[in-house]
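Student: Order-wise, the sequence lines are chains F and G. The opening position of the first sequence corresponds to residue 1 in our numbering, with each subsequent residue numbered one higher. The opening position of the second sequence corresponds to residue 1001 in our numbering, with each subsequent residue numbered one higher.
Certain hints may be false.
What the hints assert, rightly or not - Restraint-style ranges between C-beta atoms, simulated for each label pair:
| id | chain 1 | residue 1 | chain 2 | residue 2 | range |
| --- | --- | --- | --- | --- | --- |
| 1 | G | Met1078 | F | Gly145 | 37 to 43 Å |
| 2 | F | Arg87 | G | Cys1171 | 24 to 30 Å |
| 3 | F | Ser41 | G | Met1078 | 50 to 56 Å |
| 4 | F | Arg19 | G | Ala1183 | 28 to 34 Å |
| 5 | G | Ala1239 | F | Arg117 | 34 to 40 Å |
| 6 | G | Asp1177 | F | Thr72 | 25 to 31 Å |
| 7 | F | Arg87 | G | Gly1207 | 48 to 54 Å |
| 8 | G | Ala1239 | F | Gly57 | 51 to 57 Å |
Stated by the list, open to error - Per the computed footprint, the stretches of chain G lying under chain F, defined by three or more beta-carbons under 8 Å from a beta-carbon of chain F, are:
| id | stretch |
| --- | --- |
| 9 | 1005-1017 |
| 10 | 1085-1096 |
| 11 | 1100-1112 |
Said to hold, decoys possible - Here chain G is said to cover these stretches of chain F; the calculated rule only asks that three of the stretch's residues, wherever they fall, bring their Cβ under 8 Å from a Cβ of chain G:
| id | stretch |
| --- | --- |
| 12 | 100-111 |
| 13 | 119-126 |
| 14 | 129-140 |
Just so you know, these hints were derived from the structure itself, not from any lab. For each residue, glycine too, the CB sits at the ideal point set by N, CA and C.
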Amino acid sequence: MPTTDEAFIDVTDLTKTFRVRRRTGWLRRTTSEVRAVDGVSFRLRRGEMAGFIGPNGAGKSTTIKMLTGILTPSGGRLRVAGTDPWRERTRLVRRIGVVFGQRTTLWWDLPLRDSYRLVRRMYRIPRDRFEENLARCVELLELDGLLDVPVRQLSLGQRMRGDITAALLHDPDVLYLDEPTIGLDVLSKARVREFLLRLNAERGTTVLLTTHDLSDIEYLCERVVVIDHGRLLYDGALAGLHEAGRSERTLVVDLERELPPIEGIPGARTVRTQGPRQWLAFPASASAAPLVARIAADYPLVDLSVREPDIEDVIARMYGG
Amino acid sequence: MHLLRLNLAVAASGFRRYATYRVATAAGVFTNTVFGFILAYTFIALWHERPQLGGYGQSQALTFVWTGQALLAAAALMGGGFQDELHERIRNGDIAVDLYRPVDLQLWWLAHDLGRAAFQLVGRGVVPMVAGALVFDLALPASPLVWALFLLSVLLAVVVSFAVRYLWALCGFWLLDSTGLSALSTLLSMFFSGMLLPLNVFPGEFGDVARQLPWAATLQVPADVLLGTQPGGALAGLAFQAVWAVVLLAAGRLLQALATRKVVVQGG
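Between the sequences and the hints, there should be enough to build the whole structure, so can you do that?
Tutor: Set out below in C-alpha cells:
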C-alpha cells in the first residue's frame, strides 16, 4: 500500500467516454462513443512538479476536470490527496487551486482587492494567514499598486498574476495550471515561472502544469506526462522525452556570404539553406556547444541561434514511431 | 455564521458591481421615468373609458404603473441581471471556474442577485417613483406598517424572480443557444408580472390562472400589498410569494443537481 505522500495524485486506468449523438438523416440519429481519456495511469508524489502535455484534443482538460471533481470518470480509479474528487468535491476544492490561462476567476468589474476578499470568505481563510499570503504574492508577483484597479483594466500579464494569487490565498496542497503563460510577454513569463519554482520549493505545493510551451516545462518540471488520443504516451524525465521522440533542435547559423550547405559536422545535418543562412538539425539531447565550435572553426560565422522543438513535433514523432 | 458572512460579501460585491456603472444607472432611471409617463397616460385614457377597471380607481392604477417602474430593474421584470451572465458562463465554459469553488452555485447567485436588486431598488427605483408621485395623484399609503410589508413583499418578489431566472439560465446546460429562451422568458415576465396591464384587469379563467402563476409574485402582489388591495390581505400575498419562492428554489436545486451530473463543460 503506497502512502498518500508517495501517491498524492493517484490515477489508475482512468477512462472517460462521451456519447456523441449525430443527426444522420431526417429524424435519424446515431450515437457513437468517443473515448476522450482511455486507460491513463500515473502517480504524483507530494511536492512534485510535473508537466502534463499533449496536442489539442489529447484529453488533457478532460483529465484535469476529473482530477478536480467536476467530471465523473467512466472507469478506472482516481484519488487526489486521499479523496475521491467527484464524491468529495466540496471537500477537495478547499485543498486545490486552479489557474486557467484562458479564463479568469476574478470579477471583471471589481478591483483585485474585492475579488480577494470574496475568495477569503469562500475559503474561510483566517485573516492573518490571508494577509500574509496576499502580501507575499503581491511582493513576488509585483502586484503592488494594482490591487485597487478593476480587473477589466489590467493587462493580460497582470491579470494572470492576479489569478495565480487568487488560486494560492488558501494555501492549496495541489495547484493545477492550465496554460499559465499563454499570451504572456517574455518578462511576465519569467516572473510567473520564477514564482512557481519558489512556491514549489518553499511550500512544497504539488503542481500539475498543462502547456504547449516546452520552455515552461524545461524551466519548471523534471517530469513530464504526455498523452495523445486519450492514451498515455510517455511518463518520465524531459530528456528522455526527447530521446523517445528522437526530437531535434535546430541550429540557425548566419554566415558571411552564401555558401554551399555545411557538411561533415558529426551529429548534425543541414536541412535548409537560404542565402547566407543555414539550418542544421541535431538531436535535442545533444549539446550545441561542440557543433558551434566546429562550425565557427571551419566557416565564416556571423551569428547563430538555437530553436527548440515544438511539443507537437515531438509527439508527432513519438506517435509515428 | 461563515455562510452568512460569505453571502453578505457576495451580495455586497453584486451591489458594487452594478454601482460601478453610473452612466448606465442614470440612463436606466431616465428610461424608467419616460416609460412610466407613457404607461401612465395610457392608463389615464383607459380608466377614463372604464372607471374602476379591475377594481382599481384611477389613482390606484397610476400607483400600480409607478410601482412597476420602481421594481422593473430590481425584480428584473424584463429579464437580465445574472441570468444572461450565468447562461453565458455555461455556454463558454467559464462555469467550470464556478464549480471549482467551495460554494453552492444557487446560493452564490442568489446572494449576488439580492445585492444587485438592493442597488437597483435604490438607484433605479426611487427616482421614478418620486417623479410619478410629483406629477400624478398616487394612492400611496400613510401607514409605515404597509410600507414595511411592501418592502418585505419586494424582497420576496426578487427571490421569486431570481428562482425563475435561475431555471431559465440552467437550461443552458442542455440548449446552447439562448436567444429564443431569453426572449421567451422576458415576454412571459413582462406580461404575467402585470407590468403591461395589472393582472386583475383580465377576466374569467385566464385572469384566474394568470394571478396564480409565479410571475404574479414579482409585481402584482407587491403592488397590491402597497395599495391594500391584495385579496385576503397583505399576509396572504406574502404567503403566496413565499410558497412560490420555496417551490421554485427547490426546482432550481433539482435542475442544478441534474445539470452538474451530466455537465459537459465546454471547451479547454
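Student: Compare the structure with each hint and give your call.
Tutor: Quick rundown of the hints versus the structure:
Checked against the given bound of 37 to 43 Å, the beta carbons of G:Met1078 and F:Gly145, roughly 40 Å apart, stay inside it. Checked against the given bound of 24 to 30 Å, the beta carbons of F:Arg87 and G:Cys1171, roughly 27 Å apart, stay inside it. Here the CB-CB span from F:Ser41 to G:Met1078 is close to 53 Å, well matched to the stated 50 to 56 Å. At roughly 31 Å, the beta-carbon separation of F:Arg19 and G:Ala1183 lies within the given 28 to 34 Å, and the hint holds.
For the hinted restraint 34 to 40 Å between G:Ala1239 and F:Arg117, the CB-CB distance of approximately 37 Å keeps it satisfied. At about 26 Å, the CB distance of G:Asp1177 to F:Thr72 agrees with the hint of 25 to 31 Å. Between F:Arg87 and G:Gly1207, the C-beta spacing of about 50 Å keeps the proposed range 48 to 54 Å intact. The supplied range of 51 to 57 Å is met by G:Ala1239 and F:Gly57, whose beta-carbon atoms lie about 54 Å from each other.
Proximity of the stretch 1005-1017 of chain G to chain F, defined as three or more residues with a beta carbon under 8 Å from a beta carbon of that chain, is established by the 7 residues found. Under a criterion of three residues with beta carbons nearer than 8 Å to beta carbons of chain F, the stated coverage of the stretch 1085-1096 of chain G is upheld, 3 such residues being counted. With a threshold of 8 Å between beta carbons, the proposed coverage of the stretch 1100-1112 of chain G by chain F holds, since 4 of its residues qualify and at least three are required. Remark: the stretch 100-111 of chain F is confirmed as covered by chain G, as 8 of its residues place a Cβ nearer than 8 Å to a Cβ of that chain, reaching the required three.
Counting residues of the stretch 119-126 of chain F whose beta carbon lies closer than 8 Å to any beta carbon of chain G gives 4, which meets the minimum of three for the stated coverage. For the stretch 129-140 of chain F, the stated coverage by chain G is violated: 0 residues have a C-beta nearer than 8 Å to a C-beta of that chain, whereas at least 3 were required.
Figure legend: structure checked against the earlier numbered hints; the only hint not met is number 14.
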